[in-house]
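Visitor: Here is what each chain is made of, one letter per residue.
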Amino acid sequence: MNNTLDKIKIGEKVRVIKIASGGILRKRLVEMGILSGATLTLVRIAPLGDPLEIKVKGANISLRRREAAGIRVEKISRKK
Amino acid sequence: MKQNQITVAIAGNPNSGKTSIFNALTGAHQHVGNYPGVTVEKKEGSFVHNGVRIEVVDLPGTYGLEATSLDEKVARDFVIHEHPDIIVDVVDSCNFERSLYLTSQFVELDVKLVLALNMSDMAHASGQMLDLKMIGERLNCEVVETVGSKETGIDELKEAIIAAMSREKKEIRFDYGEEFGEAIEEVLAAIKSSGKDRMLPHTDHWIAVKLLEGDIEADALIRELHSGNSERILKLVGEIRKKIEGHHGDTLSVLMAERRYGFAAGLYREVLRKEPSERRKTSDKIDDFITNRIIGIPIFLSLMYAVFYMTFKLGEFPMRAIEDGVGFLSHTVSVHWHGPEALKSLIVDGVINGVGGVLVFLPTIVILFLGIALMEDTGYMARAAFIMDRLMHKIGLHGKSFIPMIIGFGCSVPAIMATRTLEHRRDRLATMMVIPLMSCGARLTIYSLIIPAFFPDAWRAKVLWAVYVVGILLAIGIVKLLRTTVLAGESTPFVMELPPYRMPTIKGVLIHMWERAKLYLRKAATIILAISIVMWALTSYPKLKHYEIDRAVEAGTMLTESEINTARAAEALSYSVAGRIGKAIEPAMKPLGFDWKISTALIGAFAAKEVFVSQLGIVFSIGEADEESFSLREELRKNYSPLVGLCVMIFALIATPCMATVAIMRRESGRWFYAIAQFAGLTALAYVVTLLVFQIGRLII
Numbered sequence: 000m001n002n003t004l005d006k007i008k009i010g011e012k013v014r015v016i017k018i019a020s021g022g023i024l025r026k027r028l029v030e031m032g033i034l035s036g037a038t039l040t041l042v043r044i045a046p047l048g049d050p051l052e053i054k055v056k057g058a059n060i061s062l063r064r065r066e067a068a069g070i071r072v073e074k075i076s077r078k079k
Numbered sequence: 000m001k002q003n004q005i006t007v008a009i010a011g012n013p014n015s016g017k018t019s020i021f022n023a024l025t026g027a028h029q030h031v032g033n034y035p036g037v038t039v040e041k042k043e044g045s046f047v048h049n050g051v052r053i054e055v056v057d058l059p060g061t062y063g064l065e066a067t068s069l070d071e072k073v074a075r076d077f078v079i080h081e082h083p084d085i086i087v088d089v090v091d092s093c094n095f096e097r098s099l100y101l102t103s104q105f106v107e108l109d110v111k112l113v114l115a116l117n118m119s120d121m122a123h124a125s126g127q128m129l130d131l132k133m134i135g136e137r138l139n140c141e142v143v144e145t146v147g148s149k150e151t152g153i154d155e156l157k158e159a160i161i162a163a164m165s166r167e168k169k170e171i172r173f174d175y176g177e178e179f180g181e182a183i184e185e186v187l188a189a190i191k192s193s194g195k196d197r198m199l200p201h202t203d204h205w206i207a208v209k210l211l212e213g214d215i216e217a218d219a220l221i222r223e224l225h226s227g228n229s230e231r232i233l234k235l236v237g238e239i240r241k242k243i244e245g246h247h248g249d250t251l252s253v254l255m256a257e258r259r260y261g262f263a264a265g266l267y268r269e270v271l272r273k274e275p276s277e278r279r280k281t282s283d284k285i286d287d288f289i290t291n292r293i294i295g296i297p298i299f300l301s302l303m304y305a306v307f308y309m310t311f312k313l314g315e316f317p318m319r320a321i322e323d324g325v326g327f328l329s330h331t332v333s334v335h336w337h338g339p340e341a342l343k344s345l346i347v348d349g350v351i352n353g354v355g356g357v358l359v360f361l362p363t364i365v366i367l368f369l370g371i372a373l374m375e376d377t378g379y380m381a382r383a384a385f386i387m388d389r390l391m392h393k394i395g396l397h398g399k400s401f402i403p404m405i406i407g408f409g410c411s412v413p414a415i416m417a418t419r420t421l422e423h424r425r426d427r428l429a430t431m432m433v434i435p436l437m438s439c440g441a442r443l444t445i446y447s448l449i450i451p452a453f454f455p456d457a458w459r460a461k462v463l464w465a466v467y468v469v470g471i472l473l474a475i476g477i478v479k480l481l482r483t484t485v486l487a488g489e490s491t492p493f494v495m496e497l498p499p500y501r502m503p504t505i506k507g508v509l510i511h512m513w514e515r516a517k518l519y520l521r522k523a524a525t526i527i528l529a530i531s532i533v534m535w536a537l538t539s540y541p542k543l544k545h546y547e548i549d550r551a552v553e554a555g556t557m558l559t560e561s562e563i564n565t566a567r568a569a570e571a572l573s574y575s576v577a578g579r580i581g582k583a584i585e586p587a588m589k590p591l592g593f594d595w596k597i598s599t600a601l602i603g604a605f606a607a608k609e610v611f612v613s614q615l616g617i618v619f620s621i622g623e624a625d626e627e628s629f630s631l632r633e634e635l636r637k638n639y640s641p642l643v644g645l646c647v648m649i650f651a652l653i654a655t656p657c658m659a660t661v662a663i664m665r666r667e668s669g670r671w672f673y674a675i676a677q678f679a680g681l682t683a684l685a686y687v688v689t690l691l692v693f694q695i696g697r698l699i700i
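These protein sequences, in sequence, are chains A and U. Counting with numbering that gives the first Met the number 0, you get residues 0 to 79 for the letters of the first sequence. Counting with numbering that gives the first Met the number 0, you get residues 0 to 700 for the letters of the second sequence.
Treat the hints loosely; a few may be bogus.
Computed, partial: chain U to chain A, Cβ under 10 Å [as the list claims (entries may be wrong)]:
1. 120
2. 123
3. 124
4. 165
5. 242
6. 243
7. 246
8. 291
9. 292
10. 348
11. 388
12. 491
13. 498
30 Å max Cα-Cα, derived DSSO-like pairs, lysine-lysine [as the list claims (entries may be wrong)]:
14. U/461 to A/74
15. A/56 to U/280
16. A/8 to U/284
17. A/8 to U/242
18. U/343 to U/149
19. U/132 to A/56
20. U/393 to A/17
21. U/517 to U/41
22. A/12 to U/280
23. U/41 to U/72
24. A/54 to U/284
25. A/54 to U/149
26. U/284 to A/12
27. U/149 to U/273
28. A/74 to U/149
29. A/54 to U/242
30. A/17 to U/72
31. U/284 to A/56
32. A/74 to A/8
33. U/461 to U/312
34. U/273 to A/12
35. A/6 to U/393
36. U/72 to A/56
37. A/56 to U/461
38. A/54 to U/273
39. U/242 to A/17
These are computed hints drawn from the structure, not numbers from a lab. Glycine residues also receive a C-beta, built at the ideal position from the N, C-alpha and C atoms.
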């Protein structure tokens, strides 16, 4: 099941498939560890609806919806 | 490099605790300056260990060394051009994998490296265990565990710095994978075959990698040194880039960056002995409240109010004390002066009052920076930006712009200084430019004088509120305008780390606070002092030889001593340059409803807003007037209409940023251009808006 990062639900754990953005934004994302194959979780949404707070490798990163929309992700099914 | 002196640069991610390490190493022996040509702070300090003097430079926190932001560029330039002997890479141990992205770039630069695994206490508490020995081997560096805030591991760090000096160099090459690895080899071969042997200050390998990434610096280096051959090398790089980008659909620089992150992640897995537990951290639990959808904003507003309140209320007492002190000083000098009259006036009215004007701001600024330091050091600042970003972004600003603007309602000077938290120049400039439109406390004195003079009780609160709203609306409009024209540019990404909440140390906060205060005193003071003297000269010269009032007294008019003095003051002001300018611009000000008296008072307001009121008092021969003065209000009512009163307030709202604001604007933006542009722009805007209000008002009323 495919989706973009701005559309997932709170608490959902996803894996990054592809990132469409380029330029400075892309560099920033890589610096934070957001690249293909990375595992992300949506922690919360800011009170005004934007930006989003994402957990990456234990750190909390904020990302605007528009920036998150360029990140294609797939849900990680829970295996126990 | 002298035998007994070493230069150390402290680098690392933002929020890694770099500053506390720097403070722990240098203690009180530090000072703040600027990197040449840019408005980025440069912190330097020193310490002595085993007879060796160690100079320390605290580089701006960065996530990488690609030079995409000013901070990154500064950090990188320092490492590449200034050749520090050792680099201490401060790492947040709980974010080790990501930190390795930056670390790997230092390794590629073949610099002597010390890795400080900071916040190691929290990492241990989370259950994480790293193989320190292996880290040292893989990266050929010294490894130390530290807790900067508790000053743990600092001695070991000092030892490590010394040890690193004698470490043997080992060329460590990361695996970029087959495709990129081959590309690097190709470029390397081209560089080597061009004959110039290691004339470049960095390893050929690093240059090759950077060329492929499209790094401007590497480009320039090649052009400089290889001239004829450089064209060939660059052409090769271009061809490789086209080929690879054609396959992957992403730029080569992004691909290599991702590759680099890949080996950072691989390295982490290699040295990780035990994974940290994924248990919810305390910080996340706190955030459940702080950035909560429902109570997040009320909490935010209360905190803002608290900071505001603290800054301006707590500051009141010391401000009064300083005002009194300055008053006492000028009085004492006045009374005991035996030298020439003119010099006395210069010293008392010009210098002492000018310097006093600067000192008076100091308590406010110090307390404000205490508040900001607390918010930054605890990690709250990031949350504030997070909450406010949507609103700010709509206007064309950044989440971090919100707090400076709120502070602007108290005073523009600390507000402009508070924009330092904005990393990107355009956001920062746009915010700074419109801060004066957040009607400050000093302007309130003008409103307090005029509103009761002209408006009935029922109207007063509404008019005051309307003035503030006009300021805010204009600010929004101007930001939009600036961001679509001169300060246009792509919206800087809001990819921001929300660091875990931390207990700030008293030492850290105080150092943070004191540095800023010192800077303010040193720089703003000189400009404000200079302008004070100029203002003094404008309002005191030329001197009248004969006063009309004296003639009247001689002719028999009966007046008290104080009445004579105030009349003299009125005449003197009218005769001075300021007064003449006031009269000269009267025709231009008439369409706004202003006469020369108001114009002269406005000129005085440039020194400080409160001066408007006292100058008005002098001009109307009231003598010592303040905004509570009934007689002054009487005079205003007699001479002007409520419409004019409204126009005066609007003009005062928009124009006349006081000279302190101009001075701070110059200092914080780095160029006179912005300070003058702001002053001129606001004055022009004020003129136009007031003109419209007055002319349209006249038609309606």
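Visitor: List in ascending order the numbers of the hints, as given earlier, that are violated by the structure.
Guide: 1, 2, 3, 4, 5, 6, 7, 10, 14, 17, 18, 28, 29 and 37
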